[in-house]
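Student: Count along the sequence shown starting at 1, add 6, and that's the number in this note's numbering.
Honestly, the hints are just simulated from the structure, not real lab data.
Heads up, a few of these hints could be off.
What the hints assert, rightly or not - Computed cross-link-like contacts, DSSO-like style, restricted to lysine-lysine with a CA-CA straight-line distance of at most 27 Å:
| # | residue 1 | residue 2 |
| --- | --- | --- |
| 1 | K239 | K175 |
| 2 | K180 | K111 |
| 3 | K111 | K178 |
| 4 | K195 | K239 |
| 5 | K195 | K178 |
| 6 | K195 | K180 |
| 7 | K195 | K175 |
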Amino acid sequence: MSDDVRHVAARANDSSRLEFLARFGFVGSGIVHLLLAWIAGRVALGSSGEADQGGALEELSGTTGGGVLLWVCAVGFAALAVWHLIEVFVPRQGSNREQLADRAKAAGMCVLYGALAVTTFRVATGGSADSGDSTSEATSTLMGAPGGRILVGILGLAVLGAGGYHVYKGMKRKFLEEMRGAGRREVSKAVMVLGTVGYAAKGVALAVTGLLFLVAAAQADSDQPTGMDAALKTLRDQPFGVVLLGVVAIGLAAYGLFAFARARYERL
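With these hints in hand, go ahead and build the complete structure from the sequences.
Tutor: Following this line, the structure appears as structure tokens:
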């Protein structure tokens, strides 16, 4: 990597304006997860709805002032994507292995928030999210590629691992390490509880999503429903599923509220 690229990235990383906009990305995440929790709660009680981020964005578009909020969220997500892209190039402290892990994480977050920004822009301009259908179509396409079952299986393991890490991160309160003044004295007890419950609940939802990908790979079933919507509805259909999905919905709401705290405290 050239010194010029590092220099430009470092200067951009010090931009207070970009940091300000990026923090709106956490606000957007909070709004999306609160709406996702609301939809999941309705689904638990027997109502219809697309219980994923795309469904949450379309729910937001139908509310008073939702159009403005969608644009705020889209800009925030885009700024967060740019911020994480910059982190890929900014020199870091630590061993080569630690630096590589940090860069890989930043690249993954860049892709995640970039995709969310694109989806939000599409909904804000009158398009449809169709995230559930898109996920299933992507799984079907991947399954039809050479070695597709293996690729879908690897994807399932990756999502399952991400879910497990979310649970670990919540229960061990590792999220505090990413917040300014990371000591427990600097963050209120309420924020710590929201983070603990929120990360654990999102981890459960991600783990079930990963399991659905693994089922699709194991059965070579390109029609197997995948994605967050399918995962939450799979939870609902289990014994005591209504209670289980209700608990997860409460946890997702906690994650949404915690995201607002991240907008203030996250170390960028």
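Student: Does each hint hold? Answer for all of them.
Tutor: Outcome of the hint check:
no. : hint          : result
1   : K239 <-> K175 : holds (25 Å)
2   : K180 <-> K111 : holds (15 Å)
3   : K111 <-> K178 : holds (19 Å)
4   : K195 <-> K239 : violated (32 Å)
5   : K195 <-> K178 : holds (14 Å)
6   : K195 <-> K180 : holds (15 Å)
7   : K195 <-> K175 : holds (16 Å)
When the structure is compared with the earlier hints, a violation turns up for hint 4 alone.
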